[in-house]
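S.K.: The chain contents come next:
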Amino acid sequence: MFEALSDKLEAIFKKLKGKGILKEEDVDVALKEIRIALLEADVNFKVVKSFIDRVRQKSIGKEILESLSPAQQVIKIVYDELCELLGGSSAKIQLSPNPPTVIMMVGLHGSGKTTTSAKLARIFKKEGRRPMLVAADLQRPAAIEQLITLGKQIDVPVFHSFDLKDPRKLCQEALKKAKIDRMDPVIVDTAGRMHVDEELMQELQYVKEILNPNEVLFVADAMTGQDAVNIAKSFNDKIGIDGIILTKMDGDARGGAALSIKEVTGKPIKLIGVGEKLDALEEFYPDRIAKRILGMGDVLSLIEQAQKAFDQKEAEKLKEKIEKEDFTFDDLKEQIRKMRKMGPLENILSMLPGANKLLKDIKIDEKEFVKVEAIINSMTLEERKNPKIINASRRIRIAKGSGTTVTDVNRLIKQFNEMKKMMKKFKHGKGFKLPKIFPF
Amino acid sequence: MGFFDKLKEKLTKTKQTIIEKIEAIVPVGKKIDETTIEEIEEILISSDVGIKATEQITELLKKRVKEGALKDYNDLKLLLRDELYKILEDNTSLNLSNKPSVILVVGVNGVGKTTTIGKLGHKFVSKGKSVVFAASDTFRAAAIEQLEIWANRVGADLIKHKSGADPAAVAFDALEHAKSKNKDIVIVDTAGRLHTKFPLMEELKKISRVMKKSIPESPHETLLILDATTGQNAIRQAALFNEALGLTGIVVTKLDGTAKGGVIFAVKKEIGIPIKLIGIGEGVDDLKEFNPKEFVDALFD
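Protein sequences appear in the order of chains A and B.
Under the numbering used here, think of the first position of the first sequence as 15, with each following residue one higher.
Under the numbering used here, think of the first position of the second sequence as 13, with each following residue one higher.
In isolation and in its complexed conformation, chain A is listed as follows (with noise of 0.2 Å):
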């Protein structure tokens, strides 16, 4: 999400990096380039210079020249700095000693509110609670069918109606709906309006004082340019804010949004959102998201995400196939069902450092893991047992039954090897590669 911003900085400090000692044109002409990094980012250019000012003054001066390494502690400068503007550290929602926990979501149109409030509601199911989504967007077209529709895929109730045309009214019923159903918390989708029109953000906050909420998140396309600010200043004022939701990280915008939004409303980033998909909503973490910025790569959210696909006790067994050597066809599909669980690949790759550069040009289609499963599924229990029986009429067979080419079910035996061997130095010691069992 923030490659571009990373490799800038990057190309900077190698520059820096050069040189022995750090002098003060030397900051200034690594700070000019991370103004300009900056803003092309998207970052408030208030902001930008507060940064900037803040940056400088700890960069030169003592403090630098007496260490050894002058470049890391810049970077280590720059990344503090970040870390400190994106929020300090990560804040959770806040749910209420008294349920039912009210949460209003509210954003600008197509800032994506109701498909967070889908995201959200999953994540609280999943936590074994009782979550209920209202649909108080009476003005767009269809978004009470939109929120519906996303509840019956997570399972999830949603009060609705579509005779009420007053967000008040829909809001005191759904309220004590959730009191008889003991429903807890209660996601509360608005319709999207304009910072700048009064009369809708007079009426949002007459549903505010309604709902009473517990947290009132306010939700901000990760796109969003310098106006974020002003935007979320207004909702901030007007409204009262608790949180920040940034959708759409998972495009190629720099972000600078994130940047901006705290410093200027004081209040967290709580949430992203990293996909179409409702699971793709992920807890933001600003120290991971700095390093991400400077190029550090984002390994704490992978293994956290390694963790929830992955149990304990299914990894021992992982291992101790390993070290036997009769891991399976069956073991791979199992995999690639748990990498796919994980998230969209591409996420995952690019919290790997360094795999900015790499990503680039690669181009990663899910469909290929679709195939994989498909040729898996085609083999007999017995060949997916011991792929050496897979002889050429069984390879045609294999490709007929799953839709592939022969071309294909070859590759994937081939690749399968290759992750055996892998393996097998894995288990002697001789260092870990990425096996190549990727589509791509």
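In short, the hints are calculated from the structure, not lab data.
One should not assume that every hint holds.
Label pairs and their calculated CB-CB ranges [what the hints assert, rightly or not]: (1) B:L72 / A:R425: 53 to 61 Å; (2) B:V296 / A:V384: 39 to 47 Å; (3) B:K139 / A:N424: 54 to 62 Å.
Just so we're clear, the structure is a prediction, and the values are computed from it rather than from any experiment.
From the three backbone atoms N, C-alpha and C, an ideal C-beta is built for every residue, glycine too.
Given the coordinates of chain A, assemble chain B onto it according to the supplied hints.
M.R.: Below, chain B without anything else, positioned relative to chain A:
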């Protein structure tokens, strides 16, 4: 109220950021120096004009100051107006000369594709044209229903399949329908997609390809919808959608809310695709033909 007045009214916000800020730092009669130009650079950047376009303008300002051509604020205002206008001139309007004329509408998520199509349909129907909507956004929940409501509202035909159906097939059917029923205009709605998602961009190419099987020279217009609140990423969006499909025009939406119209200059400057329409409000009539002269004049008057 004429269009000009309405645009002016809607653009007050834009005017305040660019022009009034400049007036604030350069009062009429004040001498212009390097710091003034630096401040102008900052103002243009903060209005999402984009670094390249901004630098080009400020370089020119610097040159003119050196030459002694710029003496006070009035000179500066005239020069700025000229430069901004130069970026936007040579625009064309929608090509509707075919029967049916086919318009493919694309863009990232949440920019206002379906709403724009509704407004566009209203515009054509009120001019006496017969319009067909193709519900090729088969991905987003209730997208078909949303377009259906618009079709009923403005009096357009709707060609739809089930949710999850092949969007290219929907577009094809809509074109066939228009041909057999002798309709004037077909507008194809597509699912929002980030320009970085390779398979989704390939899907768009397929829609365009399949449309050609019904009408070889279609789509006659491929419009990218851009959200005016978007920052510099708008340039990437325009570049990548253009690469995939060959855009014929851009529609800028949500110009009524954001304080910045700068994205228009940046996109036109760097990608060179004409801006054809702008959305300046939530009303069904608030979609206007883009007129660069009026747009720039409205900023200055």
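S.K.: Give a verdict on every hint.
M.R.: Okay, the hints, checked on the actual structure:
1. A hinted range of 53 to 61 Å for the beta carbons of L72 of chain B and R425 of chain A is consistent with their spacing of about 57 Å.
2. The hinted window of 39 to 47 Å between V296 of chain B and V384 of chain A holds, with their beta carbons roughly 42 Å apart.
3. A hinted range of 54 to 62 Å holds for the C-beta pair K139 of chain B and N424 of chain A, which are about 60 Å apart.
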